[in-house]
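With chain A fixed as given, assemble chain B onto it according to the hints.
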Amino acid sequence: MFRNYVKVAIRSLLKHKLYSSINVFGLALGMACSLLIGLWVRDELSYNRFLPDAESIHYIRVNFPVNGETVTNSITPGPLQEAIAKDVPEVAAVTKINYGPDYLIKVGEKKGKEKGHYATDDFFGVFDLPAIAGNPKAALRQTNQIIVTRKIAEKFFPSGQALGKTLQLDNKKFYVVGAVLENLPTNSTLQFDWLVNWKEQEQDWMKTWGNNSFYTYVRLKPSTTVTQTEAAMADIYPRFAGKNFETGRPILQPVTDLHLYSDYKNGVSVGGRIEYVRVFSIVALFILLIACVNFMNLATARSANRAKEVGVRKVVGALRSSLVGQFLSESILTSLLAAVLALALVWYVLPTFNTLFTKQLSLNLADPALWLIIAVLVLITGFLSGSYPALFLSSLQPIKILKGRLQFGAGPALFRRVLVVFQFSLSIFLIVGMLAVGKQMNYLRTKNLGLDRENVVYVPLEGEIAQPQKVEAFRHEVMRKPSVASATTTMSLPVNIQASSGDLTWPGKDPNLQTSVSCMFVGGDFTNTMNIKLLEGRDFRVDSPADSTNYLINEAAAKLMSEATPGMKNPVGKEVKFWPGKGRVIGLMKDFHINSLHEPIKPLILCFDYRNTSYLLVKTRAGQTQQAIADLEQLSKEFNPNYPFNYHFLDEEYESLYRSEQQVNTLVNYFGVLAILISCLGLFGLAMFTAEQRTKEIGVRKVLGASIPNIVGLLSKDFLKLVLVAVVLASPLAWWALNTWLGTFAYQTELTWWIFGLAGALSVVIAFLTVSYQSIKAAMVNPMKSLRSE
Amino acid sequence: MIQTVNLQKLFSTEEVETTALNGINMDVKDGEFVAIMGPSGCGKSTLLNILGLLDNPSEGEYNFYGTAVARMTERQRAQLRKGSIGFVFQSFNLIDELTVYENVELPLLYLKTPADERKKRVEEALERMSIMHRRNHFPQQLSGGQQQRTAIARAVVAKPKLILADEPTGNLDSKNGEDVMKLLGELNDEGTTIIMVTHSPYDAGFAHRIVNLFDGKVVTENFHV
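Chains A and B are the protein sequences, given in the same order. In this text, residue positions in the first sequence follow full-length UniProt numbering: the first is 1, and each later residue adds one. In this text, residue positions in the second sequence follow full-length UniProt numbering: the first is 1, and each later residue adds one.
One chain only, chain A, in its complex shape:
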């Protein structure tokens, strides 16, 4: 019997090629989107799960009460790791690593910059990463050994074994390769290619509780819970950290959550990238639903053609259940065909998708999970799209069909209308999303940050030019170039200042007041180079030795001090105390954005140290950026011959703060267009069906004098009404969803009415164009033909 169903299904598909193509192609597009998003979601959810015993590994953050709220620090002070190791028996192993610089690795003439970490002895007690050669645990304990990944081993020692060979790090010390690790997969938050013992870079400031700069990880003992461990850690800060920091409370986050749940509010995880994973899972479902709606719609529209078959089958003995089975197997067959096409589509677009989203997703046909996903997708799509037609068709009464007395009631037509409205509502929702996300991205791109980011080139300071005595000389030479307007040095990039401290005190400060102030070391000419407005006072001066304990603050910091202590109403000239020591506030800067626009502008204090900095920021003269880069390269070769010249643009760094948003923007654009395309495909099929059904009516109207525009209007009007209903339904929903999304930014564009107007107008125009092809075609037919055929 099943063979009979398949035969009929295939012959019916072949007989109605256009309808079948619309169905199969629409479903294939929908499935391809879902499959792509499914692969992406699976990858996002798989982060860090490759780690042996991943469930017991946790990342440490620290909660601090600040101004009545809880602030969560994602980076931790150096001594925390030692305190946990000593004092928390629930923890099997604890390690800390630094931020992971790109250092020059040299083997003979071969050199290249590679990312790595300095890590404490028990790193492999926490992360039991598999070694290809050597004993990584033992190697990390030695200060003269380095652990590298397969990538480095193959790159620098192509002729054979890397183990036991020597390489030079950062143009300074030579290390012996003590172990080789397998490369880390892309779905790992931990990314490095070399590891060296922590002590090799440890400095005194790293041993203080006030400096949050490192990443701490623990592995819990079996049968120990997070709650137990957090309770055991609760007294670490009060006991060890000193009076200023005694309120700190370490909290644990499973490493398997690290990638997706990075946002903390008031001390608890409130999500993060998981929001995008959710949004795109919903988008995938939307698109699949839209494609399924096409199938349902065309199937019910064409049910008159299938009715006779239903009648005959019933008369010769088919039960209703066997007919339901037949139509469901047909729709499953169609979705199977669509799945094959979808796989081909995904295979074709995957490389582009990977480039756009910096992923390494692949269609591994040997992976049973992939086939399981496809099977589920085929079954769900088949059932979803075939259920209504199956139930509807199988309910038809044989006598009525076979005697030609079958009148389709209003039910199926109403159902079709509801589906079209549903489909277009989803499409309009996505179009509004497309426009609004685009508008916010444009806002982010063009927003005045309060500092210049255009025409600012930055060069990482490393090697010779990172030497304290040479930094200033190098900057001085750079400034002498006519292509350069100004140059400064900084510890971090001013568009994304991560470091913060609770160290700031001022005369009259309530000793119980906890504060958190962003901070950065800068060299000379900072405000001038970045074009930051000085509201009062002056910038740091290289020729003023006293400036090493003087400070610049922003308006937010001034406000913090003046609100807390009336005597600090105008802090400029007042004495404050911060890490480097007691000194004066010598200048007040107008607020500028120091982080992404997700965050409000925080209080900022700048300290002056032109010797220990990480970046040289160069403001080029208008139109002379290329020349300035050439000049920088030439100077860099002179000052720093051992290092390859390296430069970046500050606005690129700024844009990279919104990588997730840009990906969302791209995804929404692609999927929005696809959604409307699939909807239109369905509308095209329905319009064709309607035109066929109304051939006689059109003929009569034309004979009676209707013009072509009259007929086109008549046929298009009904569809346009449905699209308009969809606009009305989708707009408030889209408004709510996008407002929620925009709420994640501290600074955002407005959702103006024209976004909804434009989305509505676009969908109406697109729908009209889709329908009008069929309408015009029907209207152009010679009425004699259609009437004669009656």
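These are calculated hints, taken from the structure and not from any lab test. This one's a predicted model, so the numbers in the text were calculated from it and none came from an experiment. Glycine is no exception: its CB is placed at the ideal position from the N, C-alpha and C atoms. Check before you lean on any hint, since a few could be wrong.
[Said to hold, decoys possible] Simulated pairs of lysine to any residue, SDA-like, Cα-Cα distance not exceeding 20 Å:
1) Lys-400(A) x Ser-40(B)
2) Lys-400(A) x Val-16(B)
3) Lys-470(A) x Pro-545(A)
4) Lys-15(A) x Thr-99(B)
5) Lys-400(A) x Thr-99(B)
6) Lys-400(A) x Thr-73(B)
7) Lys-17(A) x Glu-17(B)
8) Lys-182(B) x Pro-201(B)
9) Lys-17(A) x Gln-693(A)
10) Lys-400(A) x Phe-11(B)
11) Lys-120(B) x Asn-4(A)
12) Lys-111(A) x Pro-101(A)
13) Lys-590(A) x Asn-612(A)
14) Lys-559(A) x Pro-545(A)
15) Lys-207(A) x Glu-82(A)
16) Lys-400(A) x Lys-120(B)
17) Lys-112(B) x Ser-329(A)
18) Lys-447(A) x Leu-657(A)
[As the list claims (entries may be wrong)] What follows is a list of derived Cβ distance ranges for each label pair:
19) Leu-18(A) x Phe-11(B): 51 to 61 Å
20) Leu-769(A) x Phe-11(B): 41 to 51 Å
21) Lys-119(B) x Val-6(A): 17 to 27 Å
Chain B only, in chain A's frame:
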């Protein structure tokens, strides 16, 4: 045996109520060939549909080979119909997507007849209707006569006790019509009970008995010998 007692059928819409059958009492014996005649709208097809278990009467009793069926559900009727009644329609009603062979095979598939047996019986039926040479053709590739012969093959393939024919020659020319009637006659000679609705006095001449309907009532019955 088939027997109806005071069979009534009402069709009602929101505004009108039409009486299609109004107290039909009728017996059909095994092996009988009965023709039902009457003007359009007299209730012939309605009666045939009820006799064929495609529809239920509004009132009255219907005894189908010893089973009271008048109050059966659609599902129960479908079970009973399967294999015991063959239908032949004016407009053939073949499935366009299936070949001649597959159309004829269909009732046996629903009866879950084993494949070997199915093949034997379909081929027998096709031979019998002289359309074996067209077995792999689709309905639209056949003449009207061939289509109706296929439909008859489909009606007899499950060896039903009863064949119901609704104007079986209505869409055929006289030559093909004659052939179809002869086939029905032969089937009847072999013992199959046949009830046929027709407008044609000639076709009715093949039957043992003619039942004339008018306004949903049996008005006369004529017997041929």
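Satisfaction of hint between Phe-11(B) and Lys-400(A), Cα-Cα up to 20 Å: holds (13 Å)
Taken at face value, is the distance from the CA of Val-16(B) to the CA of Lys-400(A) at most 20 Å? Distance of about 19 Å is within 20 Å: holds.
Checking one constraint from the list: CA of Lys-400(A) to CA of Thr-73(B), max 20 Å. Satisfied? holds (17 Å)
Lys-590(A) and Asn-612(A) were given as a pair; does the straight-line alpha-carbon distance stay at or below 20 Å? Answer violated: Lys-590(A) to Asn-612(A) is near 25 Å, above 20 Å.
For Lys-112(B) and Ser-329(A), compute the direct alpha-carbon distance and say whether it is at most 20 Å. Distance ~19 Å between Lys-112(B) and Ser-329(A) Cα, so the pair holds.
Pair hint Lys-111(A) and Pro-101(A), alpha-carbon separation not exceeding 20 Å: Holds, at roughly 16 Å.
Straight-line Cα separation of Lys-400(A) and Ser-40(B) no greater than 20 Å? holds (17 Å)
Holds or violated: are the alpha carbons of Lys-400(A) and Thr-99(B) at most 20 Å from each other? With Cα atoms ~24 Å apart, Lys-400(A) and Thr-99(B) exceed 20 Å; violated.
Does the alpha-carbon distance linking Lys-17(A) and Glu-17(B) stay inside the 20 Å limit? violated (44 Å)
Do the alpha carbons of Lys-182(B) and Pro-201(B) lie within 20 Å of each other, as the hint requires? holds (15 Å)
Do the alpha carbons of Lys-400(A) and Lys-120(B) lie within 20 Å of each other, as the hint requires? violated (33 Å)
Measuring from beta carbon to beta carbon, are Leu-769(A) and Phe-11(B) in 41 to 51 Å? Given about 46 Å between the Cβ atoms, the range holds.
Comparing the model with each earlier hint shows violations of hints 5, 7, 13, 14, 16, 19; every other hint is respected.
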